[in-house]
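*Asks:* Sequence order for the protein chains is V and Z.
Residue 228 is where the first sequence starts when you use the working numbering, and the numbers rise one by one after that.
Residue 228 is where the second sequence starts when you use the working numbering, and the numbers rise one by one after that.
To be clear, the hints were calculated from the coordinates, so they are not data collected in a lab.
Heads up, some of the hints might be wrong.
Identical copies go unnamed one by one, so any copy, or any two together, can satisfy a pair.
[As the list claims (entries may be wrong)] Heads up, simulated DSBU-like pairs for lysine-lysine below, C-alpha to C-alpha not over 35 Å straight-line:
#1 K393 <-> K335
#2 K458 <-> K393
#3 K336 <-> K622
#4 K622 <-> K502
#5 K335 <-> K475
#6 K475 <-> K393
#7 K602 <-> K335
#8 K335 <-> K622
#9 K602 <-> K336
Note that the structure is predicted; figures quoted are calculated from it, not measured.
Number of protein chains: 2
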Amino acid sequence: MSSSRRVPQRAALLAIGDEVLRGEISNTNDAFIAERLFELGFEIAEQVVVSDDPQAIRAALVRLRAEMDIIVSTGGLGPTEDDRTVDTVAELLATGTHADEPSLEAMKKRFATHGFEMTPNNLRQVRVPNGAEALLNAAGIAPGFAVQLGGAEAIFLPGVPREMEKIFIDEVLPRLTRRLADIGGPPPAVRTWHLYGMGESHIDHRLAGILNGIEGATLHFRTSAPVNHVKLVVRQGDAEAAKAVVDKVDAEIRKRIGPGIYGVDGETFVGAVAKALRAQEATLAFAESCTGGLAGELITTEAGASNFFRGSVVAYANDVKTGVLGVKPETIADFGAVSEPAAREMAEGVKRVCGSSVAVAITGVAGPEGGAPDKPVGTVCFAICGPGTTRTSTKLFAGTRERVRMAAAYYALDLARRYFDTRKR
Amino acid sequence: MSSSRRVPQRAALLAIGDEVLRGEISNTNDAFIAERLFELGFEIAEQVVVSDDPQAIRAALVRLRAEMDIIVSTGGLGPTEDDRTVDTVAELLATGTHADEPSLEAMKKRFATHGFEMTPNNLRQVRVPNGAEALLNAAGIAPGFAVQLGGAEAIFLPGVPREMEKIFIDEVLPRLTRRLADIGGPPPAVRTWHLYGMGESHIDHRLAGILNGIEGATLHFRTSAPVNHVKLVVRQGDAEAAKAVVDKVDAEIRKRIGPGIYGVDGETFVGAVAKALRAQEATLAFAESCTGGLAGELITTEAGASNFFRGSVVAYANDVKTGVLGVKPETIADFGAVSEPAAREMAEGVKRVCGSSVAVAITGVAGPEGGAPDKPVGTVCFAICGPGTTRTSTKLFAGTRERVRMAAAYYALDLARRYFDTRKR
Numbered sequence: 228m229s230s231s232r233r234v235p236q237r238a239a240l241l242a243i244g245d246e247v248l249r250g251e252i253s254n255t256n257d258a259f260i261a262e263r264l265f266e267l268g269f270e271i272a273e274q275v276v277v278s279d280d281p282q283a284i285r286a287a288l289v290r291l292r293a294e295m296d297i298i299v300s301t302g303g304l305g306p307t308e309d310d311r312t313v314d315t316v317a318e319l320l321a322t323g324t325h326a327d328e329p330s331l332e333a334m335k336k337r338f339a340t341h342g343f344e345m346t347p348n349n350l351r352q353v354r355v356p357n358g359a360e361a362l363l364n365a366a367g368i369a370p371g372f373a374v375q376l377g378g379a380e381a382i383f384l385p386g387v388p389r390e391m392e393k394i395f396i397d398e399v400l401p402r403l404t405r406r407l408a409d410i411g412g413p414p415p416a417v418r419t420w421h422l423y424g425m426g427e428s429h430i431d432h433r434l435a436g437i438l439n440g441i442e443g444a445t446l447h448f449r450t451s452a453p454v455n456h457v458k459l460v461v462r463q464g465d466a467e468a469a470k471a472v473v474d475k476v477d478a479e480i481r482k483r484i485g486p487g488i489y490g491v492d493g494e495t496f497v498g499a500v501a502k503a504l505r506a507q508e509a510t511l512a513f514a515e516s517c518t519g520g521l522a523g524e525l526i527t528t529e530a531g532a533s534n535f536f537r538g539s540v541v542a543y544a545n546d547v548k549t550g551v552l553g554v555k556p557e558t559i560a561d562f563g564a565v566s567e568p569a570a571r572e573m574a575e576g577v578k579r580v581c582g583s584s585v586a587v588a589i590t591g592v593a594g595p596e597g598g599a600p601d602k603p604v605g606t607v608c609f610a611i612c613g614p615g616t617t618r619t620s621t622k623l624f625a626g627t628r629e630r631v632r633m634a635a636a637y638y639a640l641d642l643a644r645r646y647f648d649t650r651k652r
Numbered sequence: 228m229s230s231s232r233r234v235p236q237r238a239a240l241l242a243i244g245d246e247v248l249r250g251e252i253s254n255t256n257d258a259f260i261a262e263r264l265f266e267l268g269f270e271i272a273e274q275v276v277v278s279d280d281p282q283a284i285r286a287a288l289v290r291l292r293a294e295m296d297i298i299v300s301t302g303g304l305g306p307t308e309d310d311r312t313v314d315t316v317a318e319l320l321a322t323g324t325h326a327d328e329p330s331l332e333a334m335k336k337r338f339a340t341h342g343f344e345m346t347p348n349n350l351r352q353v354r355v356p357n358g359a360e361a362l363l364n365a366a367g368i369a370p371g372f373a374v375q376l377g378g379a380e381a382i383f384l385p386g387v388p389r390e391m392e393k394i395f396i397d398e399v400l401p402r403l404t405r406r407l408a409d410i411g412g413p414p415p416a417v418r419t420w421h422l423y424g425m426g427e428s429h430i431d432h433r434l435a436g437i438l439n440g441i442e443g444a445t446l447h448f449r450t451s452a453p454v455n456h457v458k459l460v461v462r463q464g465d466a467e468a469a470k471a472v473v474d475k476v477d478a479e480i481r482k483r484i485g486p487g488i489y490g491v492d493g494e495t496f497v498g499a500v501a502k503a504l505r506a507q508e509a510t511l512a513f514a515e516s517c518t519g520g521l522a523g524e525l526i527t528t529e530a531g532a533s534n535f536f537r538g539s540v541v542a543y544a545n546d547v548k549t550g551v552l553g554v555k556p557e558t559i560a561d562f563g564a565v566s567e568p569a570a571r572e573m574a575e576g577v578k579r580v581c582g583s584s585v586a587v588a589i590t591g592v593a594g595p596e597g598g599a600p601d602k603p604v605g606t607v608c609f610a611i612c613g614p615g616t617t618r619t620s621t622k623l624f625a626g627t628r629e630r631v632r633m634a635a636a637y638y639a640l641d642l643a644r645r646y647f648d649t650r651k652r
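Could you build the full structure based on these sequences and the hints that come with them?
*Replies:* This is the structure in structure tokens:
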């Protein structure tokens with residue numbers, strides 16, 4: 228049966244599993260898949276979640292195969308009796324199932340390495356419907372598989388996000404890219420800019436009218452506090468023309484936003500901080516109070532952080548501020564622990580005790596208690612010191628304790644990211 | 228038209244909006260709603276996400292009204308032309324729309340307070356279909372509303388999570404509780420146990436057969452690494468009988484799992500650590516290496532942590548371990564920075580410099596680089612010291628850098644949680 232050649236191709240996501248259906252786990256798979264399908268150029272027409280019940284799976288597939296060009300399904304490929312996806316698809320195809328040889332071999336090898344014993348359930352897990360094309364699972368046991376269901380190409384993947392993402396990137400993305408190329412439409416050109424230090428409405432305002440006169444291009448905003456993402460999708464002309472539009476908009480966005488852009492296309496905020504420090508061969512230390520260790524935790528999410536990160540002192544109690552960091556008791560008495568003078572002495576103290584070239588201090592009121600009229604909840608004082616003079620600043624962050632702490636840690640990291648730029652000016 | 232009286236009542240969740248459909252924002256609303264509907268006693272039969280397109284909304288409602296007893300819809304109630312839910316429902320009911328007076332009044336008052344001007348779009352946002360029952364939105368502008376669609380009661384809520392949750396708790400939960408009471412079934416009795424220190428398969432094994440001979444009770448497992456949750460739902464007899472079953476299972480679960488249970492019904496792991504420390508009037512400090520500050524960050528998510536948490540030294544570089552914590556250079560030379568002797572000196576050092584009564588040290592190989600044959604990636608050494616002798620231990624955690632660090636931080640917190648218990652034995 229030949230697949231539909233309509234453009235854009237209509238895609239549905241089908242998640243199978245009681246845990247998602249009942250809200251016991253969040254359906255993060257669908258956002259992952261939808262974002263990538265959309266970038267490839269598919270129209271995502273529907274997302275559906277159904278239970279492990281074969282009748283429910285069957286009814287959903289029968290409905291979707293009549294309406295969609297592709298279906299991407301996740302879940303129901305586990306080892307237990309509850310996992311019924313393979314059998315249900317085989318029944319729909321009026322065929323049987325067999326063990327996928329490459330997956331079986333990979334499993335045997337894996338189990339032998341770890342000295343595990345294979346159970347009948349494990350053997351169950353490497354089955355695919357006869358006639359299906361297996362998609363090797365390099366991150367787990369159960370292979371994914373692809374079949375033609377009526378007019379739709381249906382792709383089935385495990386529900387474990389790590390395994391699903393691995394198969395999706397290794398096997399499904401190239402497959403769908405080829406499919407679209409066969410149909411004739413070039414994939415849209417896509418670029419995402421990652422921004423720190425501006426609210427969504429502020430970004431929206433700065434970018435107003437930026438697409439005026441450009442056909443077939445759309446901008447999409449996503450907030451993941453405290454950072455924002457702006458995605459441009461250009462579905463126009465050939466790949467080269469679309470790329471030219473992206474480059475033109477890129478130049479204009481950089482002009483309008485400036486150094487608030489810390490990266491593009493998946494570059495991380497922490498990676499940008501690390502890059503700035505590495506470029507200067509600088510080493511970093513933090514003195515943290517209200518963030519409790521979060522700034523250090525964030526910077527060390529970067530593998531190889533030991534090249535530039537020396538350590539932190541989390542001075543939650545005031546006598547740790549004085550005893551370990553050498554903050555003067557009279558500074559705390561005169562100005563309070565949440566003050567720019569205290570932040571300055573914390574930064575200079577941690578630079579000295581950790582032997583870093585740059586140090587940032589954070590001291591604030593994360594709440595919900597501890598606010599005062601002159602220092603309400605959300606008040607955070609910062610200091611950064613390095614080869615030159617020490618600079619201090621005070622910010623008022625909105626939101627919950629968690630939000631305030633996260634905002635403060637990001638602000639501290641951003642001070643480090645921009646330290647050498649701003650020194651030059 | 229009278230609503231179906233079948234038990235359990237079948238519920239569908241319908242999310243309306245291109246942002247969710249395209250994966251630009253995660254669909255957290257459905258997990259929130261599904262979990263609560265399931266606990267009330269509904270069978271969640273399906274979750275669907277469709278675009279803002281009126282045809283797609285209409286098709287989904289026409290299909291679901293034939294199959295479901297209730298439909299809970301989110302999204303599409305915003306101020307813009309893209310928000311088409313109200314009009315689409317009105318068309319399905321062959322009626323018009325009107326401004327909901329209480330919502331209009333509330334909006335006027337709100338805008339007057341802030342000195343905002345009302346736009347035609349705002350007026351658009353307080354409309355509901357004629358004949359609908361409006362559900363006041365105390366957290367925003369657009370009211371929710373309930374209508375009968377064929378055999379199904381359909382409830383429409385805004386997509387903004389804060390607004391949706393407010394209306395859901397204020398208006399929808401009482402409404403659905405009454406609905407179920409009318410039909411005759413008491414709500415199920417529910418309890419959730421929170422566990423640390425055991426894998427899901429291990430928990431599964433220990434709890435095998437625990438519901439034998441108990442009718443109408445089900446156990447549900449959820450992993451949120453490194454903790455696990457076990458939820459019991461009892462749909463049997465009257466409320467008192469169901470509660471008795473819950474208590475009986477509670478006693479048995481505690482017997483089988485022991486101190487791995489750190490709380491029930493939403494109590495947090497960090498809260499349990501804080502409780503144990505407060506009960507002993509103990510104070511805590513951390514010496515962290517591979518976790519970069521995560522242990523301190525976690526413990527300070529607890530508001531009021533300053534009562535028991537003094538601070539941390541994040542000794543990422545070896546000379547911070549020696550310089551600030553007083554680890555002997557020969558200890559690192561002889562045993563390595565990732566070793567129990569180093570962990571011991573780190574814990575004793577941070578206890579001294581932070582002046583705490585208890586201190587925990589973490590030093591390990593988080594990966595992906597830095598592993599060695601005798602200390603592979605995932606190897607983490609711990610020490611805890613307090614009033615008595617210092618205890619050390621070594622664990623091998625599996626998974627990514629992020630997983631290893633999180634597992635190590637939780638293990639360190641758990642050492643503190645159980646320190647006084649294990650000392651007594």
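*Asks:* None of the hints should be skipped; say for each whether it holds.
*Replies:* We went through each hint and held it up to the structure:
1. Proximity of K393 to K335 under the C-alpha cut-off of 35 Å is restricted to the intra-copy arrangement: shortest distance 20 Å within a copy versus 52 Å between copies.
2. In this assembly of identical chains, K458 and K393 lie within 35 Å of each other by CA distance both inside one copy and across copies; the values are 23 Å within and 30 Å between.
3. In this homomeric assembly, K336 and K622 come within 35 Å of each other (Cα to Cα) only across copies, at 25 Å, whereas the closest approach inside a single copy is 56 Å.
4. For the identical chains of this complex, K622 and K502 are neighbours both inside a copy (25 Å) and across copies (32 Å), given an alpha-carbon limit of 35 Å.
5. In this assembly of identical chains, the alpha carbons of K335 and K475 never lie at most 35 Å apart, being 52 Å within a copy and 43 Å across copies at closest.
6. For the homomeric pair K475 and K393, the shortest alpha-carbon distance inside one copy (33 Å) is at most 35 Å, but the shortest distance between copies (43 Å) is not.
7. For the identical chains of this complex, K602 and K335 are inter-copy neighbours only, at 26 Å across copies versus 62 Å inside a copy, given an alpha-carbon limit of 35 Å.
8. In this assembly of identical chains, the alpha carbons of K335 and K622 lie at most 35 Å apart only when taken from different copies (27 Å versus 57 Å within one copy).
9. When the C-alpha separation of K602 and K336 is checked against a cutoff of 35 Å, the pair qualifies only between copies, where the shortest distance is 24 Å, while the shortest distance within a copy is 61 Å.
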